[in-house]
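Go ahead and model the full structure; you've got the sequences and the hints to work with.
Top to bottom, those sequences are chains A and B.
Everything in the first sequence is counted per the UniProt record's numbering, starting at 1 for the first residue and increasing by one.
Everything in the second sequence is counted per the UniProt record's numbering, starting at 1 for the first residue and increasing by one.
Hints may contain errors.
[Unchecked claim] Not the full set, but computed from the structure, chain A residues with beta-carbon under 7 Å of chain B:
#1 Y88
#2 L92
#3 V230
#4 I286
In short, the hints are calculated from the structure, not lab data.
Cβ atoms here follow ideal geometry from the backbone N, Cα and C, with glycine treated the same way.
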Amino acid sequence: MIPGIGTLTQDTLWCFSQVKGTIEIGVTEADIISTVEFNHTGELLATGDKGGRVVIFQREQESKNQVHRRGEYNVYSTFQSHEPEFDYLKSLEIEEKINKIRWLPQQNAAYFLLSTNDKTVKLWKVSERDKRPEGYNLKDEEGRLRDPATITTLRVPVLRPMDLMVEATPRRVFANAHTYHINSISVNSDYETYMSADDLRINLWNFEITNQSFNIVDIKPANMEELTEVITAAEFHPHHCNSFVYSSSKGTIRLCDMRASALCDRHSKFFEEPEDPSNRSFFSEIISSISDVKFSHSGRYIMTRDYLTVKVWDLNMENRPIETYQVHDYLRSKLCSLYENDCIFDKFECVWNGSDSVIMTGSYNNFFRMFDRNTKRDVTLEASRENSKPRAILKPRKVCVGGKRRKDEISVDSLDFSKKILHTAWHPSENIIAVAATNNLYIFQDKVN
Amino acid sequence: MLSKGLKRKREEEQEKETLAVDTWWLDPSLPAVAQAPPPATSSSLFDLSVLKLHHSLRQSEPDLRHLVLVVNTLRRVQASMAPEPTLPPMPSPSAAPCVADSLLASSDAALSASMASLLEDLSHIEGLSQAPQPLVDEGLPGRPAGGSPPSLGALDLLGPATGCLLDDELEGLFEDIDTSMYDSELWAPASEALKPGPEDGPGKEEALELDEAELDYLLDVLVGTQALERPPGPGR
Numbered sequence: 001m002i003p004g005i006g007t008l009t010q011d012t013l014w015c016f017s018q019v020k021g022t023i024e025i026g027v028t029e030a031d032i033i034s035t036v037e038f039n040h041t042g043e044l045l046a047t048g049d050k051g052g053r054v055v056i057f058q059r060e061q062e063s064k065n066q067v068h069r070r071g072e073y074n075v076y077s078t079f080q081s082h083e084p085e086f087d088y089l090k091s092l093e094i095e096e097k098i099n100k101i102r103w104l105p106q107q108n109a110a111y112f113l114l115s116t117n118d119k120t121v122k123l124w125k126v127s128e129r130d131k132r133p134e135g136y137n138l139k140d141e142e143g144r145l146r147d148p149a150t151i152t153t154l155r156v157p158v159l160r161p162m163d164l165m166v167e168a169t170p171r172r173v174f175a176n177a178h179t180y181h182i183n184s185i186s187v188n189s190d191y192e193t194y195m196s197a198d199d200l201r202i203n204l205w206n207f208e209i210t211n212q213s214f215n216i217v218d219i220k221p222a223n224m225e226e227l228t229e230v231i232t233a234a235e236f237h238p239h240h241c242n243s244f245v246y247s248s249s250k251g252t253i254r255l256c257d258m259r260a261s262a263l264c265d266r267h268s269k270f271f272e273e274p275e276d277p278s279n280r281s282f283f284s285e286i287i288s289s290i291s292d293v294k295f296s297h298s299g300r301y302i303m304t305r306d307y308l309t310v311k312v313w314d315l316n317m318e319n320r321p322i323e324t325y326q327v328h329d330y331l332r333s334k335l336c337s338l339y340e341n342d343c344i345f346d347k348f349e350c351v352w353n354g355s356d357s358v359i360m361t362g363s364y365n366n367f368f369r370m371f372d373r374n375t376k377r378d379v380t381l382e383a384s385r386e387n388s389k390p391r392a393i394l395k396p397r398k399v400c401v402g403g404k405r406r407k408d409e410i411s412v413d414s415l416d417f418s419k420k421i422l423h424t425a426w427h428p429s430e431n432i433i434a435v436a437a438t439n440n441l442y443i444f445q446d447k448v449n
Numbered sequence: 001m002l003s004k005g006l007k008r009k010r011e012e013e014q015e016k017e018t019l020a021v022d023t024w025w026l027d028p029s030l031p032a033v034a035q036a037p038p039p040a041t042s043s044s045l046f047d048l049s050v051l052k053l054h055h056s057l058r059q060s061e062p063d064l065r066h067l068v069l070v071v072n073t074l075r076r077v078q079a080s081m082a083p084e085p086t087l088p089p090m091p092s093p094s095a096a097p098c099v100a101d102s103l104l105a106s107s108d109a110a111l112s113a114s115m116a117s118l119l120e121d122l123s124h125i126e127g128l129s130q131a132p133q134p135l136v137d138e139g140l141p142g143r144p145a146g147g148s149p150p151s152l153g154a155l156d157l158l159g160p161a162t163g164c165l166l167d168d169e170l171e172g173l174f175e176d177i178d179t180s181m182y183d184s185e186l187w188a189p190a191s192e193a194l195k196p197g198p199e200d201g202p203g204k205e206e207a208l209e210l211d212e213a214e215l216d217y218l219l220d221v222l223v224g225t226q227a228l229e230r231p232p233g234p235g236r
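Spelled out as structure tokens, the structure:
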């Protein structure tokens, strides 16, 4: 197997690499991870949590001494991105939970990322400092001002090395542009603009301008009584800076071209799969609601996640997806119970691997699934502390639907629905994945021979 | 303030009652959802959906996606229960007995009305909160009214907010606010004087003085009723 190419053949074995987070029985709500994202080189891995914190891990340089162990991720920077706010007009609290993090491509020594909660997007600069100036004339070594009368000579301050310090500073705050909850942010390929989407509107921003944004999609009806559909996710095309897609709660995807008009209320393309009459139920619409939409790296396909499936669409074919993968079809007969306990509203994300040949998404019981688009093979793996020995190979899991349960299989009724894998990330070029399981972050790598 | 206390108490009781009902429906710690699946009949699904809708609407800021999906499901269930093509607001009389009967009895008939009015409330409140607020920022050239000093904050809410956010919608958002008192002669020249240029030098103190006088007047007007009917208060 050629390293770097993500092909899920029978030879690909996933191994445990690291786990971050505490092992306590009771989970502190603030520690629940709400978003995971690699940067464009895969050198950095960022997580956001419900407490408004961002933790960035950096991959250590691979050493020649430990060839069998690929670079590990260690904490690089931790900062409080968002604080809880109070909206006095509506008399309600705005959660500090980080909904999404998106990296900007690196253009100089510093790293930039966007982080957002329900209402406000922030641009953070993460930079290193390993030198500091010494020998000021007007300040002494402790920073106290010196009496100018005591200064008899002048000297030039020099830069001296210091312990490496990583500092994160908020460079821009993009606020007051969203009435509803922000669900997505996406950096444009022009690297000058980005968009933020809430339930009913999508706004386009310029990174340099924080007091203005352009509204490019607005699906709010004149009469709120007529509201039947909301925006669930949005993303820019990876190469065409004029194109973007957004998905809806009715299972539709719209591709829009910003060159056509300022307000992109008319889509260029409309993707929707006709309903399967044999699978119709009261819950058809809820399970068709798209929770995530992602362009392939090539820009030729889009992948959508709804409650039970992952679908791959060709941009040139609007009437149905080209591929449909069942994530956990055994839940189809349990929809009423899942509606009852609100699990049916869980929003799972999905990701492509670097070569667009394998897709991954999460499920319940800390299971996550991978689908190889070429071989049509799929595998179910589990993120758990039991499989946490260094370089331990993950054993494929299987859910028993009915009849005789084999050893090592787990029955549907024994699944833990409180353990959901909603957020995952795949390294841009290597077989390294990050899986968020409540308050723990698991990092898995494929076995290096 | 006594009445406020009473009101709060009643709400708390209602909340407790609702919570007691909600707990076993929405208990997230249920390890296996299929342990005791309720019969998926239309009527039980209807009851469940109404409960969810009420729970959702009672949130200070309902999750719009959740709300819309529940409402749509409720409509589907209603449609399946009703024999005629037009949807009657009441469910069939033979609806399965439900723990939350008392809640339903008061809510069924006005379900669509209450949901509609609550969604309308959302949109009205949204209109007010959309008024742009001045930001502390890296000194970038602002939009037309970007240069107004913070002391104009209250007035910004009431006048047509200049600025970028959804300009074409702002007219409609403020439709329900009675602006007749602000259309008076007394108001117009003052508001003009209060719009300063980008440089806030010598004119600022003067503008501030005007601000306070106008704010006082404004507060008086707001506290009173439609000024025409009430006798003028002391000092005016």
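Consistency of the hints with the structure:
At its closest, the beta carbon of Y88 of chain A sits 9 Å from a beta carbon of chain B; the interface hint therefore is violated under the 7 Å criterion. The restraint placing L92 of chain A at the interface with chain B holds, with a minimum CB-CB distance near 4 Å, inside the 7 Å limit. A hinted interface residue such as V230 of chain A counts as satisfied when its beta carbon comes closer than 7 Å to some beta carbon of chain B; here the least separation is about 5 Å, so the hint holds. Taking 7 Å as the C-beta cut-off, the interface hint given for I286 of chain A holds, the closest approach to chain B being about 5 Å.
Hint compliance for this structure: hint 1 alone is broken.
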